[in-house]
Amino acid sequence: MTVTFEFNVYHEDYHNAGVASSEIKKYLTQIGLNPQLIRRIVICSYEAEMNVVIHSYGGKMVLSIDDNEIKLEVTDTGPGIPDIELAMQEGYSTAPLSARERGFGAGMGLPNMKKNADTFEIASSPQGTIVRLAWGIL
Amino acid sequence: MKNLVDIHNERCIGCTRCMRSCPMEAIRIVDNKAQLFKERCIYCGNCIIECHKNAYKVYSDSFANLSKYKINVAILPIAIYGLLNNKDDLGGISATLKDYGFDEVVELSGIYSFMVDQILDYIKNDDKTYILTHCPSVTRLVTKKYPQLLHHLLPFSPPFEIAGKVYRRFFSEKYNLQEDEIGISYISECLSNFIVIKENKDKIAIDQVFLLSDLIRNISYKKIDEVKAVKKGVYFAKVGAFKYVSNNRDILAVDGIRNVDTVLEHIDIRKIKNVRLVEAYSCTGGCVGGTFMQENPFVAKWRVNEFINELDDDVTFDINIEPIDYYAGEFESEEGVLTLSNDFREAIKKMKRINEILAILPNIDCCACGSPSCRAFAEDVVKGLKTIEDCRMRKGGT
Numbered sequence: 030m031t032v033t034f035e036f037n038v039y040h041e042d043y044h045n046a047g048v049a050s051s052e053i054k055k056y057l058t059q060i061g062l063n064p065q066l067i068r069r070i071v072i073c074s075y076e077a078e079m080n081v082v083i084h085s086y087g088g089k090m091v092l093s094i095d096d097n098e099i100k101l102e103v104t105d106t107g108p109g110i111p112d113i114e115l116a117m118q119e120g121y122s123t124a125p126l127s128a129r130e131r132g133f134g135a136g137m138g139l140p141n142m143k144k145n146a147d148t149f150e151i152a153s154s155p156q157g158t159i160v161r162l163a164w165g166i167l
Numbered sequence: 487m488k489n490l491v492d493i494h495n496e497r498c499i500g501c502t503r504c505m506r507s508c509p510m511e512a513i514r515i516v517d518n519k520a521q522l523f524k525e526r527c528i529y530c531g532n533c534i535i536e537c538h539k540n541a542y543k544v545y546s547d548s549f550a551n552l553s554k555y556k557i558n559v560a561i562l563p564i565a566i567y568g569l570l571n572n573k574d575d576l577g578g579i580s581a582t583l584k585d586y587g588f589d590e591v592v593e594l595s596g597i598y599s600f601m602v603d604q605i606l607d608y609i610k611n612d613d614k615t616y617i618l619t620h621c622p623s624v625t626r627l628v629t630k631k632y633p634q635l636l637h638h639l640l641p642f643s644p645p646f647e648i649a650g651k652v653y654r655r656f657f658s659e660k661y662n663l664q665e666d667e668i669g670i671s672y673i674s675e676c677l678s679n680f681i682v683i684k685e686n687k688d689k690i691a692i693d694q695v696f697l698l699s700d701l702i703r704n705i706s707y708k709k710i711d712e713v714k715a716v717k718k719g720v721y722f723a724k725v726g727a728f729k730y731v732s733n734n735r736d737i738l739a740v741d742g743i744r745n746v747d748t749v750l751e752h753i754d755i756r757k758i759k760n761v762r763l764v765e766a767y768s769c770t771g772g773c774v775g776g777t778f779m780q781e782n783p784f785v786a787k788w789r790v791n792e793f794i795n796e797l798d799d800d801v802t803f804d805i806n807i808e809p810i811d812y813y814a815g816e817f818e819s820e821e822g823v824l825t826l827s828n829d830f831r832e833a834i835k836k837m838k839r840i841n842e843i844l845a846i847l848p849n850i851d852c853c854a855c856g857s858p859s860c861r862a863f864a865e866d867v868v869k870g871l872k873t874i875e876d877c878r879m880r881k882g883g884t
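So the sequences go chain by chain: A and B. Quick note on my numbering: the first sequence kicks off at 30 and runs consecutively. Quick note on my numbering: the second sequence kicks off at 487 and runs consecutively.
Hints may be right or wrong, so weigh each one.
Cross-link-like lysine-lysine pairs, in silico, DSS-like; alpha carbons within 25 Å at most [claimed, not checked]:
#1 A/Lys143 <-> A/Lys100
#2 A/Lys55 <-> B/Lys835
#3 A/Lys55 <-> B/Lys759
#4 A/Lys144 <-> B/Lys757
#5 B/Lys660 <-> A/Lys55
#6 A/Lys55 <-> B/Lys869
#7 B/Lys835 <-> B/Lys869
Covered stretches of chain B (chain A as the covering partner; in silico rule of three or more C-beta atoms under 8 Å from a C-beta of chain A) [said to hold, decoys possible]:
#8 750–757
#9 822–835
Keep in mind that the hints were calculated from the coordinates and are not lab data. C-beta: ideal position from N, C-alpha, C; glycine also.
Can you build the whole structure from these sequences, using the hints too?
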């Protein structure tokens, strides 16, 4: 059995940035996942959510939970990441001043996701970026 | 045994105010009456403050119990400084309490000032973000909702409990009595301290607990006792005291239980780093916002500031405090109170059903059904607490 949740994320909506991750945390807690695993998932979802807010034209996050696995798919509608390898480097950031002023854009988003997810996939084109994260449930 | 918090059915009109104010979604309206689900409750007291029908009832101990002890000591809460108009008022309160049958009246500023140094010393050991445990509601929020943050809690008892141990020893020596011949009473400014004492009478150093709101009504200021306050400790009546007295920049002060919840979430996902101590209080403004203060927290804060200006700098606290008085050890996790089922597969099944129900609800969170949101209502339907017909706003029907 699979249960899915979908969240819309909007460009530069700093007021609601983090709300989706908060909800994700609530649902994972209700399902009774191990708190340490929840923390890893929420760290990733938060970074992903912020990336969509800061860098993209907007997008959505889809969380799906089944008996063996938690999956989080984050898609946006562009403008894409020109050089993924560069973006994966710790500390590399293209965040605009508006994001940095709010304490975001330290260049740790993608590296943190990679570190905290069991599997991490990313693909990008000018039409949009897709990040697929997954965690196994022991 | 009586519930620790009861609801007067003849007073409750099922208005949903308390339910909507509850940060833990621990209240439902069933048959037009509020119902409290104790296992979720963190005793923040929001419901009592929000209730305009005075329907919430807590049971303070009986003054008759004082006769069991040879010497009775009343401990005043730190928030008392939010109720004083001038320096002499503290003496007036002390004298009035003696009329109630107390032999000694003490206050908490000395304990608070002592703990500042212990805590600053303790947090030096590593670079973790510690959470202050002065407020039992904050501690409960961590144990119930953030069990993975348990090791962030300082291992110290709340100040009233430290005071209980310290003054019990002090007065048993002073009067040359056994420790159990000394009765220690706490005059509680808030629900969370009150309940912690009520729930743990056998484990805690406080024998009786009374409500500040019950006592403060009858204060006479004719007789004046000598009670001295330690300036550094009086600041702790309000939020931000730790930051102020320690002049430490990496302390984050937060008040109001929902704000505390958000800050804990930020700590959990490591959005907050570089903060060494989170000084968190459930009530607005810190302890001055306590459930049983009956004063606006901002007015109370102003009074605290006025009071501090009147205080002498040279008052110190000379009573001996041992580590055993303030070390609480580790706090116990209450993991699982928020889960839908102990069985993971069953929980997923329920979650799926909740989503299906939510899809046919109006999603306006009107609360008319007696649940705090449409999502909570869908959960209640799945749990069997409500039926889909309880939704008054649903169109069409299924």
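*Any hints from earlier that this structure breaks? Give me their numbers in increasing order, please.*
Structure breaks hint 5 only.
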